[in-house]
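**Student:** The hints should help you fit chain C onto chain H, whose structure is shown.
If you read the sequences in order, they're chains H and C. Positions in the first sequence are counted from 1; adding 1077 to them yields this note's numbering. Positions in the second sequence are counted from 1; adding 615 to them yields this note's numbering.
Source of the hints: derived by calculation from the structure; they are not laboratory data. Heads up, a few of these hints could be off.
To be verified - Straight-line alpha carbon distances no greater than 25 Å define the calculated SDA-like cross-link-like pairs of lysine to any residue that follow:
#1 C/K705 - H/V1176
#2 C/K630 - H/P1183
#3 C/K623 - C/V681
#4 C/K630 - H/V1185
#5 C/K716 - H/R1246
None of these values were measured; they are calculated from a predicted model.
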Amino acid sequence: MAAMMKFPSSRKMTLIAGAIVAINGFFPALWILFTSLKTESELMRLPITIWPAAPTLGNYARVFTDQPIFLFMWNSFVVAVLSTILCVTVSALAAYALVRLRIPAPNVILSVLLAVAMFPLISLMVPLFSVMRDLSLLNTWWALIFPYAVLSMPVCTLVLISFFQDIPRDLENAAMIDGCSRLGALWHVVIPLTAPGVFTAGILAFVNAWDEFLLALTLAPRVASRTLPVGITLYQGEFSFPWPIISAALIIAIVPICIIIAIFQERVVGGLTSGGVKG
Amino acid sequence: MAAVTIRKVRKVFGKVEVIHGVDLTFGDGEFVVLVGPSGCGKSTLLRMIAGLESVTDGEIDIGGVVVNDLAPRDRDIAMVFQDYALYPHKSVYDNMGFGLKMRGASAAEIEERVKEASEVLQIGHLLDRRPGQLSGGQRQRVAMGRAIVRRPKVFLFDEPLSNLDAQLRAEVRIEIKKLHQRFGTSIVYVTHDQVEAMTLADRIAVLRGGHLEQFATPDEIYNKPASKFVAGFMGSPPMSFARLTASGDGKTLSMPSGVVLPARAGLSAGRAYDAGFRPEHVKLGADAFAGAVNTRARVEILEPLGAETLALLSIGGALLTGRFPPQAGVRSGDEVTVSLGAAEMHLFDTETGRALAA
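Bound conformation, chain C alone:
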């Protein structure tokens, strides 16, 4: 187990800078998820931690040792790859024991550790098989087994669930969480799936275009997004936005349709702001919660999910998503009254996209 510090790390491929001076520090045993859209640099950052990509500038420190110039094998890390990367010519047992063998472990020690890991992952009956004889989920378990037998300082996961179907993904996600609770080893986990990020992480680093947008707990990321990008990326469904204009005294905000919402902080008079609403703060009916602002909305699209129905609403020119009860008796095209959670509203600068202090 080890703490990891990333200091002003940059990565340049040819003339393209893909990581722009990222700073991240996380503690011993912490589960950190790097999340962001395709091309945000999350996998590149992970591969730099692994030593599979060189660091153009800055420092990566694992357990108090700067590892920039260390080969992957000398960093005491283990990695689970998106495509499993199991050795096709070796049995499951040999795949799992290969790392120990290369480090000079005795046959008895290899057997003991492989056995232990295979029991944890319930793959003991597969040890004699080759990867080609396994299902996707089994291969993923073997890939994790190969990582845990080594007992490294840090586990690195590169989108390990992206090749699994939805049901299996949910199962393996729980197993990964269990593994973390059992071994307590630091984990850096890359994904573009914000559900994985929210459910697994102790802290989430949201990346965009090679910049770190926010590094915080899932709760903070969800409830106090640092930027409009984070707010729009995290959450399922994500936050929806409306452009509002501050009144002359800066104490209220108004929609083009005339709906007026109270502002929390002093705003610049007449200036436009992007207001973000989580779907749970857009509810059907008047005064659905304390401090709500009631307004009329047109239901554009309904998405029934069983336990609830997501409604895409047109409110004064803005499209907001709301969570409706499952049997609300509402149909697409209906005009309804909805409550907007003015107190829970997030405000963002229209130019920088940064959140305004509450």
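This is chain H alone, in the form it adopts within the complex:
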């Protein structure tokens, strides 16, 4: 009798799936890191090497001397932080209203909100450009802050809704009896209890804004208002692609994201609501 085909155990499957995800996510990042430490001649040499033969930090020095990367970073930081604050604030209010207030057809409203996220970004470019031009906001931070905030709102609202739904209504009722308005109850009770959700939404909005290229290129193309993704394109010449320098700039660009996630990941811990109500 033929031996029965043996399927790998679920633990093995999990490990294999995890390895695929990790390699898929980390390999390009590692490749960029190694590239940033190579000289241009080593990069072009055949056969291709993975480890830099003579690691150099010269590319990183060039990142700071060739272009005003601190300015790009500052622009990106301001745009990302302000759009995140705006996005999370509005999303929190929207999510709270959809979860708690007796408004007609909340599911329809949520569906419309999510439908907005389905629009291809490219289809919004011309109208957005026109609006920003008419408002004289082109090449300002606000030209990016408003669209970034709005574009991240659907997903942030969805994330916050799932967290708000888990908060027992009586906690807010208790806060309102204790002296809070409805917004006060949201601020003093709901937001602190859904901190993991708020930080998750905030990180999503921040990363979206930090990484965005197409709108930044269209609405804030001037050097002084360029954000990092657009600014990094300045490292390429008309006929040259200095990949090691561009790689170094990319590594520098992801450092703030890594720092922010490292800071907030501890806050993104559930279980805060345990014990407040019977359970």
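**Tutor:** Just chain C, lined up with the frame of chain H:
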């Protein structure tokens, strides 16, 4: 402290009317219990007093001020919730002081009041803990502490003991009564447990299907129930009923088995009435008390409680509950003689369920 008046209050959710024009007035410092089965509207009524539900029609007046349009925070009430509703991210101290903080009290005043309340409730050693680190009984005490530090006009309790085990429930019940005696603040207390209602209340409002069945002292509720529903709901075990028919002259009532009981008032000849007997008015043996009517009964079920034994008796087609002595030597299936308290019998209209005037 304040008197509370509820005038013709109605509540409609969509097309469903859950409170049908309830009128209730109770005085300063009174302990009022709203009691009734699930879905009777007692919690909805309490939440309307708190401002957590809008009032469809009618008026709610606290301390002479109509509060229909006031936010919960402006009604000067404090509420203890069924599920405690403690803020999980705050310490016990901050939970208790939050209401005062929101009202702009100084840190010193908050500390003084929290300390005082925590001493009264014996939770002083828990002030630094989070709600998640407390037992159910401790959480309930903290919830009460949060209410009393505010010194509101009215305390509202929404089934505060329903999540506690029987022993703890009895302990906390006594503490609530002590708190009322100590502070003298008006209390509106919702429960579906008629023992809680009877033991705590100055007056009990019995609700059924959004209607007020009776609003009276525990003594009146027990001894003069306004309806068959109240009679059957209040009391442990509750009143049991038999359908009797009035004689031709309306002066006696008879069971299908032929047992005849004297009637107190003139009854309509030949008409059926529901007669209610409290278990203590159905006793083992003949002539167990003055004016008793003796009859034979079959013991269906015995429930020994230690101090007494409850007996479910079949008497001429009716099932009545009696209180028997603990060592009566009776077994299920026995035929025994019992005394029915004809003078203590309650009569109810079979159609309306309302009690007949004594």
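**Student:** Decide, hint by hint, whether the structure agrees.
**Tutor:** Hints versus structure:
no.: 1; hint: C/K705 - H/V1176; verdict: 24 Å, holds
no.: 2; hint: C/K630 - H/P1183; verdict: 20 Å, holds
no.: 3; hint: C/K623 - C/V681; verdict: 13 Å, holds
no.: 4; hint: C/K630 - H/V1185; verdict: 22 Å, holds
no.: 5; hint: C/K716 - H/R1246; verdict: 21 Å, holds
Violation of the numbered hints given earlier is absent; every hint is satisfied by the structure.
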